[in-house]
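Asker: One-letter residues, chain by chain:
There are 2 protein chains.
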Amino acid sequence: MLNLVRRLKSFFTIYTEKERSLSRAVKTIVGHAPINIHVYRLSVIHSSAAKENNNGFKESNERLEYLGDAVLGMIVAEYLFNKYPFKDEGFLTEIRSRIVNRESLNDLARKLGIGEIIEYEGGGRNGVGHKSIYGDTLEALIGAVYLDRGYRFCRKFVMNKLMKNHFDIQHIVRNNPNYKSKVIEWAQKENRDIRFEITELNQDSFPRKFEALVMVDEEPFGKGFGLSKKKAEQDAAQKTCEMLNLP
Amino acid sequence: MLNLVRRLKSFFTIYTEKERSLSRAVKTIVGHAPINIHVYRLSVIHSSAAKENNNGFKESNERLEYLGDAVLGMIVAEYLFNKYPFKDEGFLTEIRSRIVNRESLNDLARKLGIGEIIEYEGGGRNGVGHKSIYGDTLEALIGAVYLDRGYRFCRKFVMNKLMKNHFDIQHIVRNNPNYKSKVIEWAQKENRDIRFEITELNQDSFPRKFEALVMVDEEPFGKGFGLSKKKAEQDAAQKTCEMLNLP
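First to last, the sequence lines map onto chains A and B. Sequential numbering from 1 applies to the first sequence in full-length UniProt numbering. Sequential numbering from 1 applies to the second sequence in full-length UniProt numbering.
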């Protein structure tokens, strides 16, 4: 009943040009037009383009991103729980983190064309140059879908439109091991001190580039590079695994 | 309809003595008797008491704990999102972590009498001596309620039976600041290197006790103690905050 009222209300709402175009984009991505366009409007506003509301609070998509992150985490957790009835929680946690990590969400958001609907100001680190803006907005969009349509609908959207179309779970399970946890586990087992030294290379250049060095008992092991600290660490950890002949 | 079939089925299921007593306990804690007793049975089996099933997989409550953790995270995320419409995601994340952290879940589980229904073998670190066993089982129980009754029911259970009865949100918001993040934030702002040195004190004694030392640019600052690494770090961070006059 409440839903019917909301639908009727949305039917008589007069959209601005911007809202009309956003509504079309949501329909393409989510599969259904918005009931409450306002939550979707908020979901695409990056903090750089946020304006203060009447309460002096800068409204951007960051709160929705926080909500969407939790919603997505739960949907993927349940999916893997059901898909792998005989795998332990360590496996489930690891595979989930490979699915919902920054990088994989960024890639997915790019494929979905999220870049077209993000509102942001300026470039550089806070604009689309800042890589995680896509993935963050996708999370915010998931939060918006949840608020607009509820858990079941949102789960269907995530499962059918995102997971099934864009993730090859078998591939994820087989590949891309987490080298960093592997070397940390090894160090703990062998009772060795381990730490990752991160250096930012030529700090003025863009995109930023990082070097990571694995130190075991203060002795240098693998060295790695990447466009993010995490990637550099993974690279360094992978090289350390090779040096140590870890499987 | 499906639910009706499940209820009828549960009505005609003959419980063992153990199941009858568990069913009563679930009714007390959750407010309703189980429909599918088996998920609740699994939710109280600590890994120390797990037995291999036909597939050679040791079934304990760890998988349910993984699921319950995600469900709880989402319910609390949504609750705080709605309760604090003008607080940013940093605040929401911080308050959520204070609510769902190991310690607070352990306390809550103890209050609920979860200890009475946990099945475990032996004592020491893997028995009830291992502190997080209560909180872990509570998370597994939340996972079981979710599987047995669905999201809406589980949300009501968490909100009405756990949050409203046992958490004073105002108190949580006002108190117990995360000193560790505070000093790390300070160090990042001031461009200082910071790390926490953890030492386990007299390793053979039980319970284990830890010492933490905050090192800023390799100079010792606050020193703290605790029964867990985390507590020792918090203690050391709090002392460092005092030394640095951080608010």
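Just to be clear, a hint being listed does not mean it is correct.
Copies of the same chain look alike in the list, so a pair counts if it works inside one copy or between any two.
To be verified - Derived lysine-lysine pairs resembling PhoX-like cross-links, with alpha carbons at most 20 Å apart:
{"no.": "1", "residue 1": "Lys87", "residue 2": "Lys51"}
{"no.": "2", "residue 1": "Lys164", "residue 2": "Lys209"}
{"no.": "3", "residue 1": "Lys229", "residue 2": "Lys189"}
{"no.": "4", "residue 1": "Lys156", "residue 2": "Lys189"}
{"no.": "5", "residue 1": "Lys229", "residue 2": "Lys87"}
{"no.": "6", "residue 1": "Lys87", "residue 2": "Lys230"}
{"no.": "7", "residue 1": "Lys58", "residue 2": "Lys87"}
{"no.": "8", "residue 1": "Lys161", "residue 2": "Lys51"}
{"no.": "9", "residue 1": "Lys58", "residue 2": "Lys83"}
{"no.": "10", "residue 1": "Lys83", "residue 2": "Lys229"}
{"no.": "11", "residue 1": "Lys87", "residue 2": "Lys239"}
{"no.": "12", "residue 1": "Lys87", "residue 2": "Lys189"}
{"no.": "13", "residue 1": "Lys182", "residue 2": "Lys51"}
{"no.": "14", "residue 1": "Lys164", "residue 2": "Lys18"}
{"no.": "15", "residue 1": "Lys230", "residue 2": "Lys18"}
{"no.": "16", "residue 1": "Lys229", "residue 2": "Lys164"}
{"no.": "17", "residue 1": "Lys18", "residue 2": "Lys231"}
Just so you know, these hints were derived from the structure itself, not from any lab. None of these values were measured; they are calculated from a predicted model.
Asker: It remains to establish, for every hint, whether it holds in the given structure.
Answerer: Verification of the supplied hints:
For the homomeric pair Lys87 and Lys51, the shortest alpha-carbon distance between copies (15 Å) is at most 20 Å, but the shortest distance inside one copy (47 Å) is not. For a Cα distance limit of 20 Å, the shortest separation of Lys164 from Lys209 qualifies neither inside one copy, at 33 Å, nor across copies, at 47 Å. For a Cα distance limit of 20 Å, the shortest separation of Lys229 from Lys189 across copies, 18 Å, qualifies, whereas the shortest one inside one copy, 25 Å, does not. When the C-alpha separation of Lys156 and Lys189 is checked against a cutoff of 20 Å, the pair qualifies neither within a copy, at 42 Å, nor between copies, at 43 Å.
In the homo-oligomer, the alpha carbons of Lys229 and Lys87 never lie at most 20 Å apart, since the shortest distance is 30 Å inside one protomer and 29 Å across protomers. When the C-alpha separation of Lys87 and Lys230 is checked against a cutoff of 20 Å, the pair qualifies neither within a copy, at 27 Å, nor between copies, at 29 Å. For the homomeric pair Lys58 and Lys87, the shortest alpha-carbon distance between copies (10 Å) is at most 20 Å, but the shortest distance inside one copy (44 Å) is not. For a Cα distance limit of 20 Å, the shortest separation of Lys161 from Lys51 qualifies neither inside one copy, at 31 Å, nor across copies, at 39 Å.
For the identical chains of this complex, Lys58 and Lys83 are inter-copy neighbours only, at 17 Å across copies versus 41 Å inside a copy, given an alpha-carbon limit of 20 Å. For a Cα distance limit of 20 Å, the shortest separation of Lys83 from Lys229 qualifies neither inside one copy, at 32 Å, nor across copies, at 35 Å. When the C-alpha separation of Lys87 and Lys239 is checked against a cutoff of 20 Å, the pair qualifies neither within a copy, at 28 Å, nor between copies, at 43 Å. For the identical chains of this complex, Lys87 and Lys189 are neighbours neither inside a copy (22 Å) nor across copies (43 Å), given an alpha-carbon limit of 20 Å.
Taking the shortest Cα distances, Lys182 and Lys51 never come within 20 Å of each other, neither inside one copy (44 Å) nor across copies (28 Å). Within a single copy, Lys164 and Lys18 get their C-alpha atoms no closer than 30 Å, and across copies no closer than 41 Å, so neither meets the 20 Å cut-off. Taking identical chains as interchangeable, the C-alpha atoms of Lys230 and Lys18 are never at most 20 Å apart, the minima being 37 Å within one chain and 48 Å between chains. In this assembly of identical chains, the alpha carbons of Lys229 and Lys164 never lie at most 20 Å apart, being 30 Å within a copy and 41 Å across copies at closest.
Within a single copy, Lys18 and Lys231 get their C-alpha atoms no closer than 37 Å, and across copies no closer than 50 Å, so neither meets the 20 Å cut-off.
The structure is inconsistent with the numbered hints 2, 4, 5, 6, 8, 10, 11, 12, 13, 14, 15, 16 and 17, although it conforms to all the rest.
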